[in-house]
Structures are given as structure tokens and as C-alpha cells.
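Participant: Using the hints provided, position chain B relative to the given structure of chain A.
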Amino acid sequence: MFDALSHRLQDVFQSIKGETRLTEATVENVLREIRMALLEADVNFKVVKAFVDRVRDRAMDQAVLKSLTPSQQVIKIVRDELLALFGDAKGGLTETSARPRVIVMLGLQGSGKTTTTGKLAKWLAKQGRHPIVVSTDVRRPAAIQQLAIVAGQAGVRVHDPAGNLDPVSRTRSALAEAKAVGNDVVIVDTAGRLHIDDELMKELVAIREIAGPTDLLYVADAMTGQDAIKSAGEFHAQMGITGVVLTKIDGDARGGAALSVVSVVGVPIAFVGSGEKLEDLEPFHADRFVSRMLGMGDVLSLIEKAEEVIDRGDAEKLEAKIRKGGFTLEDFRDQLRMLKRMGPLEKIMGMLPGMGGMKELAGQKPDEKQLSRIEAIINSMTAAERRQADLLDGSRRKRVAKGSGTTVEDVNRLLKQFVEMQRMLKMVGQMTGEPIAAAPKKRKKSPFSLMR
Amino acid sequence: MGLFDRLRQGLQRTTQQLVEKFEDVVLRADSAEARLRDVDAETAEALEEVLLMADVGVAATGEIVGAVSRRRRRGESLRDLVKQEMLRVLEATTPMAAPSATPHVMLIVGVNGVGKTTTIGKLANQLKREGRTPLICAADTFRAAAVDQLQVWADRANVDMVRAREGSDPAAVVFDAMTAAKTRRRDVVLVDTAGRLHTRANLMNELDKIRRVASREVPGAPHEVLLVLDATVGQNGLAQAREFTNVAGVTGIVLTKLDGTAKGGIAVAIAHELRLPIRYIGVGEGVDDLLPFAPQEYVDAIFQEKW
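Protein sequence lines, in the order shown, are assigned to chains A and B.
So in our numbering, spot 131 of the first sequence is number 299, and the numbers just go up one at a time.
So in our numbering, spot 172 of the second sequence is number 312, and the numbers just go up one at a time.
Looking at chain A on its own, in the form it has when it is part of the complex (with noise of 0.2 angstroms):
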């Protein structure tokens, strides 16, 4: 569902990704973008407004811009204010210890609500729960049979009282039944309405009466646009709904409305429908959706990894190092050492956004052992070799291949990426020779580094 947002997210994330230094003229950028991107997923005009506004707030602080990594920051800011949109609210149903609870599902037409009863009463007779359903919706041709023919599907008591064409009446007759026959759940399908129906609505609040609900559900399509909050903003008043399910999130929307309904009407989301099969329905956990929609893999925890193993000093020392020129085998042996902290190199691909489908590619599966091997030639070599790397002639290299278990042709394999690589080093450091205190450059330190 969140492909489409994700990707232009990604885009703008992509763009400062390299930035080691954030100006606040590159941060408006990016809010901008960020603007388009939550515009055009749907998210209430408002919202975005005032989501852009705190993003701003927070990443123009001194202590972002000079961070270690100054877009992740940016990307972990938003990232963070999308969580605080959707609030701490647990998804699934509220708690109760009435028998029977009552569900009412209610929403627009079209939305899905015949569906999510059938999917919900899957849902909760998967959790040992005795769900009967029924159907008000009197109005639409064949709603009521369309319900029958879902609940036979899921396997659920269905309440029918043929010739009975009344709302209310419908929802007292299944709450008897309920109780006779000792189902624990009622799940009540109400008829897709306007909120601007009157008369419909009172209808209703006279279900709602009747049934005394625990949960009163609002189903919401994911696709929905600027108009969600109007409606859902309209139920809620009339009706005070407890949870919203939103439906057809395996198609392409970007899912914005769920934002926008969430942040202005104040009502969490308590499942989310995802396909077209009856099992196809789930809890709503805020943070899973939030990184799904901004299509981050677990780049965070990434981020949060990297902090915790990268010791600020540390970066600041050795970034000197590299200006002068003097990056050694010792600090190449301490990068490996961080990398491998951080924990398996293959899960940490798979934590890069973009890498997750790639680490699947036949032989790219990166080679743990190989930096084993690394680190082992790096310690089979003197404290001055280490230093010197000039000092490893042929024999010294064929004693370093003997004791690390290795070949003199990895030894000098490696002794010649270093090489490379100290000269890059060098070259970066004279290309950006500025003040060291003033404009920390730490990207160097990353891990990331290492790995492209």
C-alpha cells in the first residue's frame, strides 16, 4: 500500500543522504518535499501544515544540524512525529468483560463493512470467541444475503429473521439470540450512509441504543481523500465511534486519510483490512504502518545501532587522522570491529532501505567470514606494521599469511585495498579542509562507508 509515499520519501531522503552537514536552506528542501509527498498521499491539508511545521521546528535545532549523522536525524525526526500523529493507542478491540459484546460496524458506502464483519467474526472466532452476526442493512439490494454468504465462508452464526425488514428490530432479535443460544460476540452490519443522512443517522443512534455496543467501528476506505475527516469527523459526533478499521490498504493508497482521521477526529485505528480473503484483517500497530509508509526497512534501528557503537571521541580523533593522512591498519582493524557490533552483516543489508530486495540476489549474500579473515591478517601483523603498513615486505608478508591462516596472495589482496583506500581517505580530507571543530565531517567513520 505504501509503495507509492515510501519511494517519494525515499527520493527526498535519498537526496540529503550524503549531506554531511545540513544547512537550514537544505532542511526547507526537504520539508517542501516532504509537503508534496504527505499532500499527495491524502493527508488532511491541516495536518500536514502543522506536521511540517513541528518537523521544522525540531531539525532546525543547532544539535540536529551538527550531528553525527544530520539527515538521519531529519528522517528519524519525522519518522518520530509520525508516531506522535498516531498517538500510543493499541489496536484491536477496546476491553470489556461485558457478555455479550457488541460490535457496530458502520462507515460510507462502499467502504467495506459487509467484508470486515465477515473478517472481523473470522478474526475473533480464531481467538476461541463466538461471534453471531447480523445484518440492518435493509437498503441495499441483497446486503443481508451478502452477509449470510460471508459468514457461511467464515464459518459464524448468521441472525436472519426472515421478513424482518426493520434496523432496530434486527439488532434487539440478534441480541436475544445471542444470549440464548450463548454467543459472545454480536457484530451488527449497519447500511453504508452519508453522515449528512439525517435520517439514516438516527436510525443509527437507535441501533446504537438498542444495542448498547462496546465497539462501535467506523470503516473507512484507505483510498478516501481530503473528505476523510468530514465524514469520520461526522460519525464520530453523532455516534462517538471507539475505533476506525481501515479497508483495501493492499491496493496502491498511501494511506494518508488514516493520519488525518486519526490526528483531527482523535479516534485510533483498531484494524486494517488487507486483501480480499476473510483472514486478510489485522491489529493495527502504529509503528509497523509507520515504517511501511515511509519505507524505511529498520534503517532506524540502524541509525540507533550505529550511535551506540560509534563513539563520538573516537570519530572526532580519527577524522583527524584522516585529513592528515594517517589513517593506519589499526583504525581500518577498528572499523571492521564496529561493523561487526552492529551485528550480522546480512541483517544489517537488510536493514538498508533499497537492500532488502537486493541481499536475495545469488552470491551478493556478503561473506562474514571474509572480514574474519581481515581482521585476522591485521592481527598477525606487528604494532609497527600496523603503523607502517610500508614496512610489510615479502617475507614479513608471508609470515603475517602464516599466521593468520591465510595465503600471502589475500595478504597483499588486502594490503592493496588498503592502499586504495588510504589515498581516497586522503583525497576527501584535502577536498573538505576546513576547521575540524567548526564542521564536524564524520561520515567518513560511518560504517555506511564501508559498505557501498
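Please keep in mind that the hints were generated in silico from the structure rather than gathered at the bench.
Do not rely on the hints blindly, as some may be mistaken.
[Claimed, not checked] In silico DSSO-like cross-links for lysine-lysine, where the CA-CA straight-line distance does not exceed 30 angstroms:
| id | chain 1 | residue 1 | chain 2 | residue 2 |
| --- | --- | --- | --- | --- |
| 1 | B | K161 | A | K370 |
| 2 | A | K584 | A | K570 |
| 3 | A | K489 | A | K537 |
| 4 | A | K217 | B | K161 |
| 5 | A | K485 | A | K244 |
| 6 | A | K244 | A | K214 |
| 7 | A | K294 | A | K445 |
| 8 | A | K214 | B | K268 |
| 9 | A | K214 | B | K349 |
| 10 | A | K370 | A | K489 |
| 11 | B | K268 | B | K349 |
| 12 | A | K217 | B | K223 |
| 13 | A | K570 | A | K537 |
| 14 | A | K217 | A | K258 |
| 15 | A | K566 | A | K537 |
| 16 | A | K537 | A | K485 |
| 17 | A | K508 | A | K570 |
| 18 | B | K349 | A | K445 |
[Said to hold, decoys possible] Label pairs and their calculated CB-CB ranges:
| id | chain 1 | residue 1 | chain 2 | residue 2 | range |
| --- | --- | --- | --- | --- | --- |
| 19 | B | Q436 | A | M204 | 27 to 37 angstroms |
| 20 | A | L539 | B | R340 | 39 to 49 angstroms |
| 21 | B | R340 | A | S265 | 40 to 50 angstroms |
Beta carbons are placed, not taken as given, at the ideal position from N, Cα and C, and that holds for glycine.
Facilitator: For chain B alone, coordinates are given in the frame of chain A:
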């Protein structure tokens, strides 16, 4: 009641909120002295908000606001400028070919829950009253009770319907309908299809198969492919229009549920990007609540002064 009044009535709620906000904008921009000045940045921004809130989308909004702010004003009202620019977008679409073949085959497509079945019911009714002899083809063999829902509409309109068992191959139903239409000499065939998300490749391929079967039986069929869009849809409507056009060759849009508070601005975005015309709009649940779309009337109704 004339067409314009029906449209206006249907759109009443649609436009109320839009108009309120828009009134604020024009109030400032259309005073006697302001009319002689060009549109300022503040007005442009407010206008942008109005259009974005109406789901017109970033690109089309940019185009309209840009065009309006570039115009040198010589006393025109902002209202007229905006109307002109929106009309320009809506009219710059590919016109529909006049129906020539018999039977004229219309394929109705769209994602789930937009109102395809209801639209077909209304269309059948109207065509029948115009003296045409429509035949309904119930090719939504997927959704539970979809065929029964359509049958109710067919009975109401007293129109024949070709149906098959739930779960059978929709292309086979289409084949049957084509044959039936030819032998029974029907002049229009309305093909209802199952709602499908445009991202589901296999379901989209099924549409392609339906097309192929139809064209084998009736030359040039389907002559019209109408994409039904829910007026509440946001920018995803563009993605839907793109995909359905790629696979099913959409020739026009039906915009439903305009009697809510949604403005259906996505149709403007679609006209802007894909040049697809809006053919019909749905403004209620009654049989008569499907109207042919007329850009000028739509724009007039949306930006109507006090009513």
C-alpha cells in the same frame, strides 16, 4: 426541474463547504480596487488550500493557481478566473467517439465499493426510458451476492440480465451476453465487472480477457469503458485511472457519491493528467440520480455565488 437545478441540488452539500472557504478568498480578492491588481501571493496560497482540500491534487492545483496568478487582471473577478481555468482543464479531454456499432458494448470497471453495480442499474433504467433496449451482463461473479444485487436493479428497470453461477469465469458470462444481445437484437450491453484493486495483476489480466472475448464477438467492443470513481477518493484515484487505462483502455469516468461532502476534485486531476472526460456523475441513490456530466455546469455549480 432543469438539468442545472438537479445538478445544483445534488451538489449542494458538495459545494457548501468548498464555497464557504472560497467565498472568503474571493471576498478579499474581488473588491473593486483589488480587481485591478494581479492576484497576490496570499490569495494564491488560500486558493491553493481550497483546491487541495477538494482533492484536486498537487499538480492540477499548481496548474490552476499558476495560471490564475499569471493572468493580468483588468477587473475580472477571481471567481471567473478560477472557473475559466478549471473549465479549461476539464474541457481539454479526449472526446468520446459517437456510438455507432450495434450492440454498443459498455464495460464498467473500478475498484471495490465505488458503486459500479448501482451505476449500471441507473444507466439501464435511463437507457430503457430513452427507448433503447439494454441488456445487463453480470460479470461480477466474485463478490458475494453481487449478481443478486444487480438482479434487483434489472427487475426494477425491467431489463434482461445474463448471469452465471457465483465463482464462474466472468469472460464466459460476457461471451454469453454478447451472443444473447445479438440474437435478441439488443442495442446496448452493460457489462458489470467485479471490483478489483488496480494493483492486483491477475485480476487486471482478467479484464483484458473480458475485453478480448467481447471484441471477438462484437467488432470494436467494448466501445466504451467507464471507470467508476467514488467522489471521496483522494489522490489514489489518479493511480486507479492510470492502471485501468493501461489495462482496460478506459474512455471515460463516472463520478459517484457526489451527494456527500466530497468534491470529487480528483476528476480535475485525472482530466489534467490523463485527459479522460467525465461522462456521468452520481448524486444520490435514486434511479434518476445519475446525470450526464457537463463541465460548464459543474464549474458553475461548484463556484456558484450564494444559493
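Participant: Next, verify each hint and record whether it holds.
Facilitator: Going down the list of hints, with the structure as the test:
1. B:K161 <-> A:K370: Judged against 30 angstroms, a Cα distance of about 29 angstroms means the pair holds.
2. A:K584 <-> A:K570: holds, 18 angstroms
3. A:K489 <-> A:K537: holds, 28 angstroms
4. A:K217 <-> B:K161: holds, 17 angstroms
5. A:K485 <-> A:K244: With a Cα-Cα distance of about 26 angstroms, the restraint between A:K485 and A:K244 holds, given a limit of 30 angstroms.
6. A:K244 <-> A:K214: With a Cα-Cα distance of about 22 angstroms, the restraint between A:K244 and A:K214 holds, given a limit of 30 angstroms.
7. A:K294 <-> A:K445: It holds: about 15 angstroms lies between the C-alpha atoms, which stays within 30 angstroms.
8. A:K214 <-> B:K268: violated, 46 angstroms
9. A:K214 <-> B:K349: Status violated; Cα separation ~44 angstroms.
10. A:K370 <-> A:K489: Violated - the C-alpha atoms of A:K489 and A:K370 are around 75 angstroms apart, more than 30 angstroms.
11. B:K268 <-> B:K349: At roughly 28 angstroms apart (the allowed maximum being 30 angstroms), B:K349 and B:K268 satisfy the hint.
12. A:K217 <-> B:K223: Roughly 26 angstroms between the alpha carbons, so the hint for A:K217 and B:K223 holds.
13. A:K570 <-> A:K537: holds, 17 angstroms
14. A:K217 <-> A:K258: holds, 26 angstroms
15. A:K566 <-> A:K537: holds, 21 angstroms
16. A:K537 <-> A:K485: holds, 29 angstroms
17. A:K508 <-> A:K570: holds, 24 angstroms
18. B:K349 <-> A:K445: holds, 23 angstroms
19. B:Q436 <-> A:M204: 27 to 37 angstroms: Since the Cβ atoms of B:Q436 and A:M204 sit about 31 angstroms apart, the hinted range of 27 to 37 angstroms holds.
20. A:L539 <-> B:R340: 39 to 49 angstroms: About 43 angstroms separates the Cβ atoms of A:L539 and B:R340, which means 39 to 49 angstroms holds.
21. B:R340 <-> A:S265: 40 to 50 angstroms: Cβ of B:R340 to Cβ of A:S265: about 41 angstroms, so the range 40 to 50 angstroms holds.
In terms of the numbered hints stated before, the structure departs from hints 8, 9 and 10, listed from lowest to highest.
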